[in-house]
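Participant: Residue strings, one per chain:
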Amino acid sequence: MQSRLPILIFAAVMAAIPFVPGMPPFWIVLLDNIGLTALVAMGLVLLTGVGGLTSFGQAAFVGFGAYTTAVLTTTYGLSPWLTLPLSLVVSGLLAVLLGLVTVRLSGHYLPLGTLAWGLGLFYLFSKLEFLGRNDGISAIPPLSIGTYKMLSPGSIYYAIWVAVIVSALLTMNLLDSRTGRAIRALRRGHVAAEAFGVHTPRAKLLVFIHAAVLAGLSGWLYAHLQRAVNPTPFGAQAGIEYLFIAVVGGAGYVWGGVLGAAIVVVLKEVLQSYLPLILPGSGQVETIVFGIMLVALLQLAPGGLWPWLMSFLPERSSGKKPDASLKLEQRTRTPIQSGVLLQVEKARKQFGGVIAVNNVSFDVQAREIVALIGPNGAGKSTTFNLITGVLSATSGSISVLGKKVDRAPPQEIVKLGISRTFQHVKLVPDMTVLENVAIGAHLRGHSGPLSSMLRLDRADEAKLLAEAARQIERVGLADQMHQLAGSLSLGQQRIVEIARALCVDPMLLLLDEPAAGLRHMEKQRLATLLRELRDGGMSVLLVEHDMGFVMNLADRIVVLDFGTKIAEGTPSTIKTNPEVIKAYLGVAA
Amino acid sequence: MNTTIMLFLVQDGITNGAIYALLGLALVLVFAVTRVILIPQGEFVTYGALTYASLAAGQMPGTAKLALALGIGACAFDLFVARKALHGRLILRSVLTNIVLPSIVLALTIYFAAQKPPVAICIALSLVIVAMIGLYLYRIAFQPLAHTSVLVLLIASVGVHLALQGLGLLFFGAEGQRGPAVLSGAFTAGALRFTGQSITVYAITIAFIVGLWLFFGLTLYGKALRATAVNRLGARLAGIRTTLSGQIAFLLASVIGALSGIMIVPITTLYYDSGFLIGLKGFVAAIIGGLVSYPLTAVAALVVGIVEAFSSFYASNYKEVIVFMLLIPVLLLRSLAAPAVEEEKD
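Chains as they are written, first to last, in this note's numbering: chain A, 66 to 654; chain B, 132 to 477.
No lab work stands behind these hints: they were computed from the structure.
We put the CB at the ideal spot given by N, CA and C, even for glycine.
Be aware that a few hints might be false.
Per label pair, the in silico range of CB-to-CB distance [to be verified]:
(1) Leu368/B / Leu519/A: 49 to 55 Å
(2) Ala213/B / Val85/A: 50 to 56 Å
(3) Tyr352/B / His511/A: 56 to 62 Å
(4) Leu368/B / Gln488/A: 18 to 24 Å
(5) Ile343/A / Thr135/B: 54 to 60 Å
(6) Arg220/B / Ile343/A: 39 to 45 Å
(7) Val419/A / Leu368/B: 21 to 27 Å
(8) Ala361/A / Ala213/B: 16 to 22 Å
(9) Arg520/A / Leu368/B: 46 to 52 Å
(10) Ile235/B / Gly582/A: 55 to 61 Å
(11) His264/A / Gly304/B: 50 to 56 Å
I would like the entire structure built from these sequences, with the hints used as guidance.
Facilitator: This is the structure in C-alpha cells:
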C-alpha cells in the first residue's frame, strides 16, 4: 500500500509551476512534452517493465488517438471532448486486434512483431488520403471549456498533467490489486500463474489495451496541443524512443516512466540548443551524443534511474497487517468423507522417443497422504504436470471425483480444488510473500481491472489478503510476510509455495519435493502441518526424496522407476520390497 | 500479366532478397550468441557501402578515423577492467588489436584514398574498417552489459544505432552515393539481363551461407559459438570464453553488413540513413525464420525480396506497408502452431 502524500505534493508542485513569476514560457512547452511522453511511457512500464511484453509499436497508438480526433474534429466538426472517448476507444479496439495477434508471441517474437506493425502503420498513416498523407491534417480546433479556449501551451498544461497524474494513480491502483498481481506474475512465465487460475493470454491482452489507451490519450492531447498532426511523430523511431524512455527511467516503476520522459525530453532539448554552440557546423551531433549517453546511462544503471534514486531514500516499512477478522467464503463443494478423489489410469506421456510416464495407474483417496517416490528421472514431476493440466497425456485418463479431466487446462484443474507447488520454485521474487501467496486466492476474488483502478475492489481485496495472511501464519512464516519473496531462503520459498497452494482452499494438495532445502526441525513442522491438513479433510500427493520424511508421513507410497510403476503399498511393505531396493540401490545390493 | 515483367520482378526480388538473407543470417547469429537484437546492423551496411563509394571516388572516409577512436576506447575499457591484474602480454595484445591495427588501416586508407584505388583495395579496406568498428563496438557498448536483460541490450542497441547514424551524416553528408560495380559487364539469357553485379550478389550470398554452415558445423570456434547460443553458463563451464564468442559474432555481423552494403551500392543510391530500413527487412526475414533457423531465414528473405519487388511495381505507395504487414500472418501462424513455451527471464 503506497502512501498518497508524495503524489499530492507532486501534484501541488506541478500545479504551482505556471504561477512561478518569470517562468520562461518555453519551459512550460517542455513540461507539456514531458507529460505527453510520460503518458505513453507509463503504459510501457506496465506492458514491458511489469508485464514483460516489449512493444515498439506504442507510437502507432499515439497516432490512432491523434488521427481519430483530427479527422473527427476537422472533417466532421465534432467537439474535442466528444472525440476523447472515441480516440481512446479506437486505440483500445485496435489494441485488441493487434494484441490478439501479437501478445501470444513469446520472447523476442513480440518486440519484433510490434516493430513490424509499428512500421507498417506508420507507412499507412503517411499514404492514406483521408489522413492527409505525408502532410497530415491541420487546423484542429483547440480544447475549450465554455468560451475559454486552450490555445497556449500554458493553458493546455493543466489538461496534460491532470491526465498524467490521474493515469498514474489509476495504473498504480491497478497494479496493487488482484488483477495487478496476475499482471506482475506474467514476466516470470505463465505456468505458475495459470496453476492458480490466471488466464494469462487475457491478462496480457489487458495490459496491452491499457498501454494503448494511455498512448491514445497522449495522442489526443498531442493533436489539440499542436493543432495539427502528421505521420512523423508516430513512426518506428518514436516507438523505439518511447521504449528507451521507459527503460532509462526504470521500466518496472510507474513514476520511472515520468522520470524517464523528463530526462529524455530535457536532455534532447539541452543537446539541441547547446551542442551547436560547442561543436558548431555539422548536423546531427546531438543524436550522436544522445546515443552515447544512452549507452553510458544503461551501463551505469541497467535497472533504470528511478530505482537507483529510490535506493538513496530510507526504507519505509511497507505494509500493514491485513485485518484477520475478514473471512473469504469457502469454495462451494460437496464435502467428501471417503472414496476416490483422484484416479490416474494408464497415464502415458511420450516426448518424441522418450517415454517419461509409461502407463502409470494409481489413485488418491479422500483424507490420505500419498507419496510418489522414485529415482531421478522416474517421471514423478511429469506425472504432476499431467494431473495439473500443464502437459496433456499421450494416452490414458485422469479423473477427479469420477469426472475425466484429461484435456482440461491448468485453470480448470485448479477450479476443481487441486492446487500444487513446483519442484523449481516459481514465485515472483520482486513481490512480497503476502502478494505471492495472494495469487493463490486469485479464483476466490472477483474484482476486475476497472473496479481495481477505481479502488472499488477494497472489500474484496482485504478479504483476499486476510486469507493469504492466514495461510502464511499457518505455515509459520508470519515474520516474513512483508519481505520480498526473492530474499527468502530456498527452503522458505518452498513453504511460501505451500501457503500459496493452500490459498486455493484445495481438497487435494500436490507438493513437488516440499522438504528439499529444509532443516530437520522445519521438516518436522512441515510433517505436522501436512498431518493436520489431512485430519482436516484434505488429501496430499507428494513427490519427495527424503525417505525418512516420506516413511513417517505417507499413508501409502507409489514407486516409479523409468516412468513405470514398480510398487505400491504402505511404507512398511515398500521398505522391504525387493524391486524398490533394486531400483534405488542396484542389483548387487 | 506480362511474363517478361514477372521474370524481371522475380529477378529483382531475388537480388534484394539475397541481401536480406545475408543480413537476416547476421541478425540471427548475433542474437543467438549475445542476445543483442542488432539494430545497428543497418549502419554496418551503410558504413560499408559509403566507405567503399567514398574510397572509389578518391575521398577519405571518416569511418577509418572512427575505427581508431573506437579502438582507443576499447583499449581503455580492456585496461580499466584488468587494472588490478595488468601484465605485459595483456597490455600488448590489447594495444595491438585495438590501437596499432586501426592505426595501420587508417594510414593505408589515407595513402590509398589520395589515388583512387582499384575496386579490390576499396573493398578490402571497407571490410576491414567496418569489421573493426563492429568488434570495438561490442567491447565498448555491449560487453559491459552482457549480463543484463534482452530489453536493456536492445535499448543499448538503439543508442548505438542513433550514435552511428548521426556519425554517418557527419562522415558522408546528406547526399546519397553510388559506388562502381564490383564486377562489370552483363549477359542476356532470353528476356533477362544478368549484370555482373547481380551475379556477384548471388555468388557471395551462396558462398556466405555455405561458409557459415561449414564454420558452424566443422570448426571449433563455430561449435563454441553454437554452445554459447544454447547455454551461456554451460559454455563457460566448458571453458569457452563467451566474450570471445560475442566478439566473433559481432565481427561476422559487421563483415556481412559491410559486404551487403558494398554489393548494393552499385545498384541503388544509399544515404547515410538508408541502413535502418534495409536492416529491418533483414529482421523481417529473420523473424519469419524464427530467429533460430538459418535456411528458413534465407528462404524467408527471398520471399520478402520478391514481395517487395512485386508490391513496388503494383502498389509502390504501399510497398513498405505490404512488406512489414507480411509479418502479421506469419506471426499469427507461429503463435497458433507453437503454444508459448515457459521461459524464465531475469
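Participant: Next step is simple, just say for each hint if it's right about the structure.
Facilitator: We went through each hint and held it up to the structure:
In this structure the supplied range 49 to 55 Å holds for leucine 368/B paired with leucine 519/A, their Cβ-Cβ distance being about 52 Å. Judged by the Cβ atoms, the range 50 to 56 Å given for alanine 213/B and valine 85/A holds: they are separated by roughly 51 Å. The hint said 56 to 62 Å for the Cβ distance between tyrosine 352/B and histidine 511/A, and at roughly 58 Å that hint holds. Distance hint for leucine 368/B and glutamine 488/A: a CB-CB separation of about 22 Å, consistent with the stated range 18 to 24 Å.
Distance hint for isoleucine 343/A and threonine 135/B: a CB-CB separation of about 58 Å, consistent with the stated range 54 to 60 Å. Taking the beta carbon of each, arginine 220/B and isoleucine 343/A are about 40 Å apart, inside 39 to 45 Å as hinted. A C-beta distance of roughly 25 Å is found between valine 419/A and leucine 368/B, which places it inside the suggested range of 21 to 27 Å. Between alanine 361/A and alanine 213/B the Cβ separation comes to about 20 Å, which falls inside the hinted range of 16 to 22 Å.
Between arginine 520/A and leucine 368/B the Cβ separation comes to about 50 Å, which falls inside the hinted range of 46 to 52 Å. In this structure the supplied range 55 to 61 Å holds for isoleucine 235/B paired with glycine 582/A, their Cβ-Cβ distance being about 58 Å. The supplied range of 50 to 56 Å is met by histidine 264/A and glycine 304/B, whose beta-carbon atoms lie about 55 Å from each other.
Of the numbered hints stated above, none is contradicted by the structure.
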